[in-house]
Amino acid sequence: MVYEKRFDGRDFDETRPMQAKAGVIKRAVGSGWFKIGKTEAIAAVYGPRDLFPRFLQDPEKGYLRVNYNMMPFSSGSDRVRPGPSRRSKEISAVAERALRPVVDLSEFPNAVVDVFIELPQADAGTRCAGICAASIALADAGIPMRDMVAAIAVGRVEDKLVVDLNYEEDSHEDGVDIPIAMLHNSKEVALLQMDGVISPEMFKEAVEKTKGIIDKVFEVQKQALKERFNVKQDTKQDDAKQE
Amino acid sequence: MIKLVPLSGKYLPKKGDTIIGMVTEILMSGWRVDTNSAYSAVLNMKDASSEFIPKGTDLTKYFDIGDYIIAKIVNVTSQKLVDLSMKAGPGLRKLRGGRIVYVSAPKVPRIIGKQGSMVSMIKQYTNCKIMVGQNGVVWVQGEKPEDELLAVKAIEKIERESHLKGLTDGIKQFLESQTKQ
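Residue numbers (the working numbering), protein chains in the order written: chain A, 7 to 249; chain B, 20 to 200.
Hints are not guaranteed to be accurate.
Unchecked claim - Between beta-carbon pairs, the in silico distance windows are:
id, chain 1, residue 1, chain 2, residue 2, range
1, A, Ser91, B, Gln192, 20 to 26 Å
2, B, Gly189, A, Lys217, 39 to 45 Å
3, B, Leu46, A, Ser177, 55 to 61 Å
4, A, Arg92, B, His182, 42 to 48 Å
5, B, Thr43, A, Gly89, 42 to 48 Å
6, B, Lys148, A, Arg33, 25 to 31 Å
7, B, Gln98, A, Pro59, 16 to 22 Å
Hints are computed from structural coordinates only; laboratory data are not their basis.
Glycine included, each C-beta is placed from N, C-alpha and C at the ideal position.
Whole structure, please, built from the sequences with the hints as guidance.
So, in structure tokens, the structure goes:
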């Protein structure tokens with residue numbers, strides 16, 4: 007079989023439709039929501055606040071702590087068993103490393119900035135969606151940042167280079183999934199993982215292609231942050247209703 | 020490096036700020052005060068009152084846990100150890116009665132307004148006493164609870180719409196329409 011047409015009919019370099027929002031959780035200091043196709047991620051930022059356990063405290067700068075969690079009902083097949091797993095711990099760690107280079111926590115010695123990434127719905131590309139949501143949430147929380155982090159998965163299905171794999175493509179027997187996170191301005195790579203086998207030429211092409219798509223993801227993130235502070239005209243009507 | 024003032028975020032203690040804090044702990048020679056930021060502050064008993072507090076006094080006689088105080092930040096170290104004083108200026112005192120509203124700290128200048136114009140407008144319309152701490156803690160005390168609630172509503176409206184044009188007029192309209200009823 008040759009992969010001529012994608013399972014969901016997209017072009018090979020087309021992402022699934024993206025949506026984003028900032029400030030979705032009122033009680034958090036900052037929050038973000040990012041949806042790409044059927045994959046949906048919510049991120050909430052708390053802090054800077056007191057850091058415990060104490061041995062993690064750094065008198066030079068603050069500490070960034072990320073927690074990734076898939077909700078039990080999020081997956082398409084079996085229930086995801088709640089609680090930390092090998093996979094969720096790994097993704098928490100790589101997401102933390104992807105976000106750490108952009109945040110400047112030198113103003114917050116001994117404190118922690120907590121980022122919680124939750125996935126109510128998953129259809130491949132959850133770590134990328136999670137990082138995008140977390141980036142929005144950190145900016146919304148007013149944490150000093152050098153740049154925004156945007157992420158997208160690229161990969162191979164049979165002999166074709168594909169962008170933003172969905173679950174069907176991700177689980178294809180002859181395929182590679184490469185989630186990549188980049189800083190938007192400098193295009194420095196903040197996260198790159200890979201499972202499967204790919205030729206060096208194709209790998210280079212994939213990374214090059216990501217750069218253009220990162221810009222598209224960033225536009226969605228930027229729009230979300232702009233809308234956050236654009237109070238809609240109908241708030242006056244809301245007040246009238248309350249009366 | 021360019022640093023921007025964020026539209027949201029938590030308070031960061033700064034020397035010279037007058038804040039409203041809550042007493043969370045009684046120490047050997049002072050009080051630990053929550054500042055609505057990542058760092059708690061210490062009010063030493065020698066800076067707490069103009070009267071002499073002898074050694075071994077029961078400090079809860081002055082401020083007990085849960086009390087809100089207006090105090091001035093006199094020092095912040097590089098490790099963000101914050102020292103408070105209640106002798107550093109006028110109006111620094113313990114707050115009695117009223118209610119506390121938490122707002123986001125970057126919005127505090129908008130709530131105060133130019134030369135206090137915004138806060139005096141709310142005072143005028145609601146007959147409430149209002150104190151705004153730089154850390155985003157606001158104390159409101161009125162004669163009737165309805166007055167306090169109206170002032171709180173107005174403050175929340177400012178917080179929501181602070182970055183938009185015509186804020187003062189919007190708030191004035193809101194207060195007028197609410198007080199007419």
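Checked hints:
Ser91 (chain A) and Gln192 (chain B) have their C-beta atoms about 54 Å apart, which leaves the hinted 20 to 26 Å range violated. Checked against the hint of 39 to 45 Å, the pair Gly189 (chain B) and Lys217 (chain A) passes, with Cβ atoms roughly 44 Å apart. Range check, Leu46 (chain B) to Ser177 (chain A): about 59 Å between beta-carbon atoms, so the 55 to 61 Å window is met. At about 44 Å, the beta-carbon gap between Arg92 (chain A) and His182 (chain B) stays in the expected band of 42 to 48 Å.
The supplied range of 42 to 48 Å is broken by Thr43 (chain B) and Gly89 (chain A), whose beta-carbon atoms lie about 32 Å from each other. At about 28 Å, the beta-carbon gap between Lys148 (chain B) and Arg33 (chain A) stays in the expected band of 25 to 31 Å. Between Gln98 (chain B) and Pro59 (chain A) the beta carbons are some 18 Å apart, a value that agrees with the proposed interval 16 to 22 Å.
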